[in-house]
Amino acid sequence: MIAAAADVSAEAPPVASRRRRPPVGLLAAGAVGALLVLLPIVVTLAQAAQVDLQEAAALLFRPLVGRLLRNTLALVAASTLASAIVGTAAAWCIERTDLPARRRWAVLVAVPLAIPPFITSYAWVSLSADLQDFMGALLVVTSAYYPLIYLPVAAALRGMDPALEETARSLGNGPWTSFLRVVLPQLRPALLGGMLLVALNVLVEFGAFSLLRFRTFTTEIYAEYRTGFAGPDASLLATVLIALCLAFLFAEARLRGGARYARIGSGTRRTATRHPLGGARIPVLLGFAALTVATIGVPLGMIAFWLTQPGAAAVSPADVSIPLLVGATTASLGYGAAGAALTMLLALPLGFLATRYDGRLIAVLERTAYLAQGVPGIVVALALVTLTVHALQPLYQSAALLVVAYAILFLPLALVSVRAALVQSQRGLEEAARSLGLGWTGVAWRVVLPLAGPGLGAAAAMVFISVVIELTATLLLAPIGTKTLATQVWADTSTLAFAAAAPYAALMTVISLGATWLLARRFGALRTVAAGVKVQAT
Amino acid sequence: MTDVRIDGLTKAFGGRPVLRGVDLAVESGRLVAILGASGSGKTTLLRLLSGFERPDAGTIRTGGRMLSGPGVHVPPERRQIGYVAQEGALFPHLSVADNIVFGLPRRERRARHRVAELLELVGLPRFYAGRPPHELSGGEQQRVALARALAPNPGLVLLDEPFSSLDAALRSDTRAAVATALAAAGATALLVTHDQSEALSMGHQVAVLREGRLVQVASPETLYRRPVDAALAQFIGEAVLLPGVAGAGRVTCALGDLPLAPGMPRGAVEVLVRPEQLRLDRAGTGVRARVCDLTFYGHDSQVRLSLAGGGPAVELIARVHGQSEFRPGETVMVAVDGEVVAYPRTAPVPAAPQSRQPALVIATPEHSR
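Sequences listed follow chains A and B, in order. When we follow this note's numbering, the leftmost residue of the first sequence carries the number 1, and every step to the right adds one. When we follow this note's numbering, the leftmost residue of the second sequence carries the number 1, and every step to the right adds one.
Source of the hints: derived by calculation from the structure; they are not laboratory data. Don't take every hint at face value.
[What the hints assert, rightly or not] Partial list, computed: chain B residues near chain A (C-beta under 10 angstroms):
hint	residue
1	E27
2	F52
3	A89
4	L90
5	A149
6	G155
7	L158
[Said to hold, decoys possible] Derived CB-CB ranges, DEER-like:
hint	chain 1	residue 1	chain 2	residue 2	range
8	B	R107	A	R104	45 to 51 angstroms
9	B	E315	A	R104	55 to 61 angstroms
10	B	T346	A	R158	56 to 62 angstroms
11	B	A25	A	L285	41 to 47 angstroms
Computed from a prediction, not measured in an experiment: that's the story for all the values here. No residue lacks a Cβ here, since even glycine has one placed at the ideal position from N, Cα and C.
Let the sequences and hints guide you as you build the complete structure.
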């Protein structure tokens with residue numbers, strides 16, 4: 001990946017002025033990623049358009065669709081609200097009170113992001129079958145996604161000038177009124193942005209709901225696919241889902257582009273005075289402990305429990321063999337590496353265009369790539385199945401097609417980090433290096449790479465993690481006979497063979513947690529990871 | 001109108017003492033500048049007054065009411081002390097008018113009570129009321145912050161380095177507007193600053209804080225002319241310090257026999273001469289000195305001199321008006337205007353005179369002809 005970065009910078013000499021037109025080759029390379037993202041949307045719409053209007057109306061306005069819509073939207077609303085409350089409360093306690101062991105809690109509160117939601121789902125389902133309803137789904141997605149609120153809100157609290165709160169106090173407001181009148185309004189962009197991300201993730205979640213037997217659009221599309229293959233029914237449902245997702249995505253983008261309560265002025269930042277918890281100390285600590293048990297303890301605990309049980313102890317007995325385990329792990333890691341490589345290859349030209357050149361076309365390409373965040377994995381997979389079955393038969397169920405699906409799904413994730421990394425090495429620095437006598441190779445090697453290299457590595461690593469824990473596209477597109485860790489967990493849990501699923505779940509969680517931990521340690525930014533995880537849910 | 005009384009105020013952070021027994025009394029309606037280098041504890045003093053921190057010991061009273069003391073801690077929102085933060089801390093989600101009425105009861109907030117009056121008080125046009133804070137310049141933000149602090153009619157206003165983030169041109173205007181508004185409102189004010197000229201020009205009184213202790217509380221003139229020790233003299237402004245021997249009303253040093261201010265010690269002393277007290281002349285009386293170099297500032301120039309004659313080399317700094325034309329290498333006569341101040345000599349006198357670094361020095365080589 002790092003070598004690729006150098007290649008790309010070679011294409012555009014660093015002395016390029018901002019107004020200069022980008023090289024055609026670079027533009028074409030950037031366009032590939034954007035077009036790939038559009039592909040599943042176009043295929044789905046084309047497929048849906050084949051249904052004539054009356055039939056479409058009949059298919060869309062049936063009670064089932066109404067029920068799915070109610071289920072999905074009610075869950076989105078409830079889990080978003082629950083995540084907002086839990087996430088904001090946790091952020092405030094950690095950033096603004098004298099909570100003991102704050103640093104440790106801050107890490108524990110972010111950890112659930114590195115546990116795939118369908119593993120959390122597996123854990124709860126194997127604990128009690130009673131959780132297979134709305135409340136169970138709410139519990140699982142809230143515990144999986146509340147860090148998406150916690151992280152931006154905590155960052156906003158850290159970035160907020162403490163003088164604002166103090167001024168409010170000096171003007172006669174108590175701590176609680178100050179929070180409502182001053183702190184909360186400042187948190188609004190972070191909070192709303194986080195809530196939209198949670199909503200988007202719940203909309204596209206498949207694995208967790210499938211294991212919980214909670215019916216949403218994604219699970220229904222999968223069911224339709226299983227019965228009617230890639231028929232028009234599935235495409236119509238997928239169109240509705242895409243519309244919902246894109247609505248949330250645009251709302252989020254608008255929010256980010258719009259009002260931003262930055263600090264007015266700049267200067268030394270003082271840390272805020274922490275509110276004493278006083279008598280609330282013990283209840284708050286108990287709350288954090290309960291949160292940790294529910295979001296980390298149960299998933300890890302249940303995996304550990306089933307690991308120690310013989311296969312026969314589960315509802316449907318099944319056993320795991322070492323060769324199976326090794327095979328699935330190798331497959332997962334291999335796909336992870338291949339997915340990361342292709343995704344980075346697509347993201348680099350786009351990132352380079354976006355940071356080094358201006359122009360309408362570039363903006364369009366970049367925004368198109370980000371659209372992938374609003375296209376659920378199930379839709380991408382279904383579209384690629386449709387396309388290959390009808391037009392590109394040899395690619396159907398090939399490993400290459402699966403890797404392309406990963407690249408489509410995780411292009412936005414990679415692009416965010418690649419962009420941030422390339423911005424690190426600004427053109428001014430490159431020009432300074434040129435003026436000091438370095439050629440473009442020297443600039444790439446001694447300036448761009450040291451500055452952007454770590455960020456690019458982080459981007460690749462995040463895609464790798466996301467691919468390893470991806471379920472939906474893998475399930476639909478993996479070549480026959482290919483078993484990955486994710487598909488194995490899913491298959492065994494679907495048949496209630498919890499003990500058999502445990503080793504795969506354990507390996508997957510270890511890889512995800514370990515890689516995330518390394519990333520966070522290396523870059524000290526759980527936030528970067530969080531930015532990524534928002535697209536990994538499928 | 002409120003007077004302030006601080007007794008034995010002590011505060012440590014993590015075992016490191018920041019304030020060590022500060023006593024300060026401020027008369028009602030006065031503006032007192034608290035001057036100190038960074039880390040001297042001045043901001044801590046302000047935060048204790050406003051109630052954001054609790055003192056370890058000592059008491060704070062305003063208008064006879066105990067705010068902090070043994071077993072007493074009035075929370076910030078019930079102190080009725082206005083607070084203007086370093087960069088104003090205007091609420092970014094509220095308009096100028098909503099910022100100003102923020103601390104008023106709900107009914108008065110709705111009625112935009114006194115917004116126009118307060119804007120006028122701080123010297124801003126009325127149509128600013130509807131603007132969002134980020135459209136204001138730094139100086140305007142500070143004025144709105146002051147208007148907001150004054151709106152609930154506090155008896156005491158605290159200003160935490162309110163001008164430090166402004167550029168030089170804005171600073172003097174904003175200082176003047178703030179001083180006028182505070183005087184018009186009749187509020188007692190404490191202004192924390194690390195800027196000597198700001199403290200001297202704005203404060204009715206200046207309290208100098210050094211390592212958590214108040215070393216001198218005096219009028220600006222007294223502070224500048226008769227600082228309590230040599231270190232303070234150097235902190236308050238440029239100072240030339242020379243060893244000397246003091247007798248009755250006179251002191252003898254490298255600059256000759258000089259008149260001494262009343263009440264000065266006798267014997268071995270350090271003599272304080274301000275650079276602007278030195279008069280340079282090509283002819284006339286005084287001590288001979290050679291011009292080492294000259295730094296031109298426009299309104300005045302700083303001249304580094306080295307005293308001719310035997311013994312160890314003595315360096316001086318003089319301030320002369322911008323029109324004077326002395327050249328490096330030239331010999332001039334140095335005379336002293338007015339009385340000088342002396343301190344008992346305990347430690348060796350610093351070898352070179354201390355001065356603040358000029359923003360830009362265009363040095364002329366000493367040996368150029």
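Do the hints match the structure? See the list:
1. E27: Violated - the Cβ of B:E27 stays beyond 10 angstroms from chain A, reaching only about 22 angstroms at its closest.
2. F52: With a closest approach of 6 angstroms, the B:F52 hint holds.
3. A89: 4 angstroms, holds
4. L90: 6 angstroms, holds
5. A149: 7 angstroms, holds
6. G155: Because about 13 angstroms separates B:G155 from the closest Cβ in chain A, which is outside the 10 angstroms limit, the hint is violated.
7. L158: Holds, about 8 angstroms.
8. B:R107 with A:R104: 45 to 51 angstroms: 47 angstroms, holds
9. B:E315 with A:R104: 55 to 61 angstroms: 58 angstroms, holds
10. B:T346 with A:R158: 56 to 62 angstroms: 48 angstroms, violated
11. B:A25 with A:L285: 41 to 47 angstroms: 45 angstroms, holds
Taken one by one, the earlier hints fail for this structure at numbers 1, 6, 10, listed in ascending order.
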